[in-house]
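S.K.: Now for the letters of each chain:
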Amino acid sequence: MNYNWDWGIFFKSTGIGSEIYLDWFVTGLGWTIAIALVGWVIALLLGSLLGVMRTVPNRWIAGIATTYVEIFRNVPLLVQLFLWYFLVPDLLPEPLEMWFKQDLNPATSAYLSVVVCLGLFTAARVCEQVRTGIQALPQGQTAAAYAMGFRLPQIYSNVLLPQAYRIIIPPLTSEFLNIFKNSSVASLIGLMELLAQTKQTAEFSANLFEAFTLATLIYFTLNMGLMLLMRMIEHRVAVPGLIAVGGK
Amino acid sequence: MISIDNVNKWYADFQVLTNCSTEVKKGEVVVVCGPSGSGKSTLIKCVNALEPFQQGDIVVDGTSVADSKTNLPKLRSRVGMVFQHFELFPHLSITENLTIAQIKVLGRSKAEATEKGLKLLERVGLQDHAHKHPGQLSGGQQQRVAIARALAMDPVVMLFDEPTSALDPEMVNEVLDVMVQLANEGMTMMCVTHEMGFARKVADRVIFMDAGQIVEDCPKEEFFGDVSARSERAQQFLAKILQH
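Chains as they are written, first to last, in our numbering: chain U, 4 to 251; chain E, 82 to 325.
The set of hints was computed from the structure by calculation and includes no laboratory data.
Please note: incorrect hints may appear among the correct ones.
[To be verified] Straight-line Cα separation of at most 20 Å, SDA-like style, residue types lysine to any residue; simulated pairs: (1) E:LYS185 to U:HIS238; (2) E:LYS185 to U:LEU245; (3) E:LYS185 to U:PRO165; (4) E:LYS213 to U:HIS238; (5) E:LYS155 to U:VAL242; (6) E:LYS213 to U:TYR159; (7) E:LYS155 to U:GLN157; (8) E:LYS213 to U:VAL242; (9) E:LYS155 to U:LEU245; (10) E:LYS185 to U:ARG154; (11) E:LYS106 to E:PRO236.
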């Protein structure tokens, strides 16, 4: 292969304003983090609610949550994104549709679509983890709480969920990393997150290899950092004498 | 205190309790025994409505369990229950285990609940373990904490569901000692147990169940006194567990 490596490319001017290529990556990383974190908050809240719903002793409530999971888990993420971005706005009431299509700046409307899409998609997966975490607990825990006079919502908040979350920290970590990686689909609806900036750099500078190498390193480092953070949390909340902590 | 009146319960087509009637008076200690699958645990769980039943009624201290208007959480908060597998909350410290229901169910202040909890912890001889978590205690210690936790709610009656069955032999006595002490203090108790020594020592009455029915229900002296007067099934059962 005859290729002229030029790692200095990131500090060269893009020709647009006074920006250097590295600025693009920084902006892109900012978008990636903004998508993933807000999406994660949605996923965690909605996923927890759905996970609880799947375990309550009521067939209808559980059924609603199950249906949700089956829908969002069985349609490809990219298809879901296109639905949210291209189709759903057309279904909104007229004023909302106009607001979304004309008043919002294009980056904001793309951002809203991708955050909602990733949040709802990941919620289905978080739901399943929360459900299994709750179901992994001995039935006697619920019985004991009932026997002391707790009501069902109190049992979830004081007894079941604090234990279930501890159990599912490892798979939840995977899901947390997944949402960062999945955020790259936003590049396909024109949001200039990390992957889109990488492609743009590659096209503008023709330094394809450098651009994608840097993007790979950024994704990798980001996810390693998040993994270590989650492991720290796992250690911090570990129950003495009870749950074995990963890596020990 | 507890009046069980013609209770029938089915799991789908299978009848697990058939016409069960008995009574536990205030201050009385009643031991329920019988082979596994006889329905004794199910019966005791019907008393605080952990298990629903389809026919009959149970009245606890004047409150009907079967009545759909009964506030079950309130009823349960007055009935202490101790489980075979302790069921302490593993993510909470011993102190928190003792106080959480007092605070969240009875609305006591944290200080009041802690004082009460620690006093009871001392009573079961575990005051040095207040800061630990359940996973750091032995089975016998956990069960003693579980008893203290139930007592912290100032129950009018205590239910024990095979409290020593999951314990190492060496730890059985420390739990039974606490229960004997409780019985001697006049607590109303309904105990599912195979500890016949305990039954002989403190029980007022013994109930023997088989196949979902109450086969024997008589004073302890009568139950252990003349075995030949017992039903055939009870004789078989006693022959097996009293041998050793």
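S.K.: Are the hints correct? Go through all of them and say.
M.R.: Now the hints, each set against the structure:
1. E:LYS185 to U:HIS238: Outside the cut-off at roughly 28 Å; violated.
2. E:LYS185 to U:LEU245: 24 Å, violated
3. E:LYS185 to U:PRO165: 16 Å, holds
4. E:LYS213 to U:HIS238: Cα-Cα ~17 Å, so holds.
5. E:LYS155 to U:VAL242: Violated: LYS155 (chain E) and VAL242 (chain U) sit about 31 Å apart, past 20 Å.
6. E:LYS213 to U:TYR159: 23 Å, violated
7. E:LYS155 to U:GLN157: Holds, at roughly 14 Å.
8. E:LYS213 to U:VAL242: With a Cα-Cα distance of about 10 Å, the restraint between LYS213 (chain E) and VAL242 (chain U) holds, given a limit of 20 Å.
9. E:LYS155 to U:LEU245: Violated, because 31 Å separates the two Cα atoms, which is more than 20 Å.
10. E:LYS185 to U:ARG154: 10 Å, holds
11. E:LYS106 to E:PRO236: Distance of about 15 Å is within 20 Å: holds.
Of the numbered hints stated above, those contradicted by the structure are hints 1, 2, 5, 6, 9, listed in ascending order.
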